[in-house]
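Protein chains in written order, with my numbering: chain A, 571 to 862; chain B, 175 to 432; chain C, 4 to 317.
A couple of the hints might just be wrong.
As the list claims (entries may be wrong) - Here are a few chain C residues that face chain A, going by a calculated C-beta distance under 8 Å: (1) 112; (2) 114; (3) 132; (4) 136.
For the record, the hints were derived by calculation from the structure and aren't laboratory data.
Note that CB positions come from ideal geometry on N, CA and C, so glycine has one too.
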Amino acid sequence: MYLADLFAAGLAIGCVYSLVALGFAMIIRATGIIHFAQGELLMLGSMSALSTLWLLPTLPAVLVLVCGMIASGVLAVAMEFLVYRPLRLRRVPLMNVITATVGMSILCINAARIVWGSEPLRYPELFSTSTYRFFGVVVSPQLVWIMVFGVVLMGLLQLFLKRTRTGLVMQAVAQDAEVAQLMGANLTRMMVYTFAIAGMMAGAAGVMFGSLFFSFFEMGFVLGIKGFVAATLGGLGSLAGAMLGGIVFGLIETFSAVYVSSAYKDAIGMVLLIAILLFLPSGLVGLWKARS
Amino acid sequence: MPEALLEAVALSRRFGGLVAVDAVDFSVRAGAIHGLIGPNGAGKTTLLNLIAAALPASGGALRFRGEDITRWGPARRARAGIRRTFQNLKLFSEMTALQNASLGLHAGTRAGIFAALASTPGQRREEREIAHGARRALEFVGLAAQADVVAAKLPYGHRRLLEIARAIAAQPALLLLDEPAAGLNHTEAANLAGLIGRIQALGITVVLVEHHMDVVMTVCDTITVLDYGRKLAQGTPEEIQRSPEVIEAYLGSAHALA
Amino acid sequence: MESALLRRIITGVVLAALFLLPVFEPHQFFLHMLSLVAISATVALGLQLLLGFSGQLSIGQAAFYGIGAYASGLLSTKLGLPFPLAFFAAGLIAAVTSLLMVPITRLTGAYLAVATLGFSILVYLVLKNEEWLTGGSFGLMGIPRASFFGYVLAKPAHAYLLCVSVAALVYFALLRLERSRFGRAINAIRQNEDAARACGVQVTLLKSQCFVIAAFVAGLAGSLYAHQVRYLAPTDFTFWKSVEILIMVVIGGMGSLFGAVLGAAVVVLLPEALREVGDYRMLVFGAILMAVMLFGESGIAGFLGQCLKPFSKR
């Protein structure tokens, strides 16, 4: 069933977008910054995991994912410590911070090009080549695992934020940093955690995307923008919105590529982005809230 | 019956479930200094923002000189003669005091891009007029000596005065003052009261949102009291000070009336 | 010496030097590079108006640069339009396209930036995919040199003079704008949009006008580029081009027209001067971008301004 294939593909890529979108949402909530380098965290996680896989070819898929996540998590924290924190402490205007994240993005992309070259890199087979059957539908294990990993990660994040003390403090800081500080929250540490988690989500997304297609030094650019589109579609600043937006956008994009035009596949995201920014800035979540 | 310069009819503003301004009828007589007071959260600043179009109204209508301006945006109202100051100062911090005041006169001139590219005599004359008007505004509020000081470097009291200078530079018909005495000491507040009186003498109608009761009672001709977004009372300062409803609304508050 | 007089003298000297340069240094490659600097400076000046003056971060200027380049190239190759017409048409077409962006000017900060980015990606995709019009990935070839009424600017020196003239004209026009009422108003918009509105400034209108002017200027520059290199490919006008233009403005100094020119010179010439850096070029620029944001946004122009302070009387 062709439709089922498309649906599965859409959901899988949607999970990837959701994870990137979550990173955007978390950073925006905590700092107000649109983190242009988010896509690069995805890319660096993807490439690092690949390098690890070259070193240890027998590594199981889960550990590859974890390696990628650790790599991007560390890089995200480094970014925060070396660049964003000094900017924040100097109370630099927002425009300059955004420009700095653009600079970070450029730096990462070109560093990756130097380290890994400009050719696309294939992931070796992470999963068995046999296919799974769900209700008579043939699905590639790749897609299934991506969805499973994606859902598990998002679920873990929700648990972390809602059930652990640190998670609750992070949410408090995102809502009102000043008051949270008065209550004893360590703002600096929460910032580090925020970036670390955003980085890990992006890294996971990078490994997933890489295993599905391939990795290359510029992959973060377009995926980053698409993750942003997903976050905006869901409702910028909302974590639930980021997850919802990712899945919805993944499905829209996959189906449009087939039924509308494949050359302009990337254009769909851009048009959607501009349309949302102009006409529905509070996204799907905002629409939901207005209804109730 | 003295004519109303500004008339609000059942003006409302809702934020989701919260009604900040609840169907307020409100009219300002031309040439008067009209105070707007009420306990915290009464909706005074929201009402002012509705008049200035900083917020769109959720219901009701607003008339200025008999014309329905409900749908007008802030820039259009400013050009029509409604100017304002902001509670938390919105100055152009990188510009000098003179430049800030000059912006107050921006709307009156007609030179656009193409005129800017060619330096026509008309444009040069406009520039001179703007500079002249800006200086006069600064002198009026007492900042003539600070004309070339960058706004960010001015002390707080002067920054408040600068906002007023910028707002009156174009001699607007209606001036909206949003807590102009906030953060001023006793002397500065008294000077401000004097300044508002002099502004009235220029023929400018003033609507004043303020907590500083000394200033309000000294300067205002009429006072409207809001509570929970609704109009509680309206009258002269003496009438307001004696009104039982008003006293009850303020009971327990640190601001003692009279 | 009076500051204004000093500035006039310096301007005169610099202009004279620029125009007389071909006489003293007629080396072909050198003049070609300087032509590219002048072309890049023209685009950067437009972005300076948009970003430095009105505070709108647009990372999609390459779109208008590309539209201008392709418009001029196509009009002269396919329709045989003479250069002067193609040149102005390029600017106009870019300007008209920017009207599509007018709704976007309502957005602020990073949202505006992302929207301009999205727009520029859309333009790039159209340039790449519409092969029947643009030649797609194969590019547009055989664009004639610039010419005026039959006289072809075959000599590099003449092409150079054309580019420098355009850049100078744009520079002085924008300088005029900066010092006018319009310039003050958009500066006010950058510093405090709400306050500007309260003064009666038509914020959305002026912001849109800035976009259109920046697009027009970028379109003109694109036309010059097309007739200078005479071959266009969509890859010349990607996001990275927009970023390069942004870097020119940032390195040169936000808010300084002269800075935009300096920035253009640095971005175009530095990789040539330091051949070995070549590959690391963008890496270095990324780092510089961050460094400038960290340590003060007045860039090179600001730095020079500080140096010259003791010499000018206020």
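When the hints from earlier in the document are held up against this structure, which numbers fail? 4
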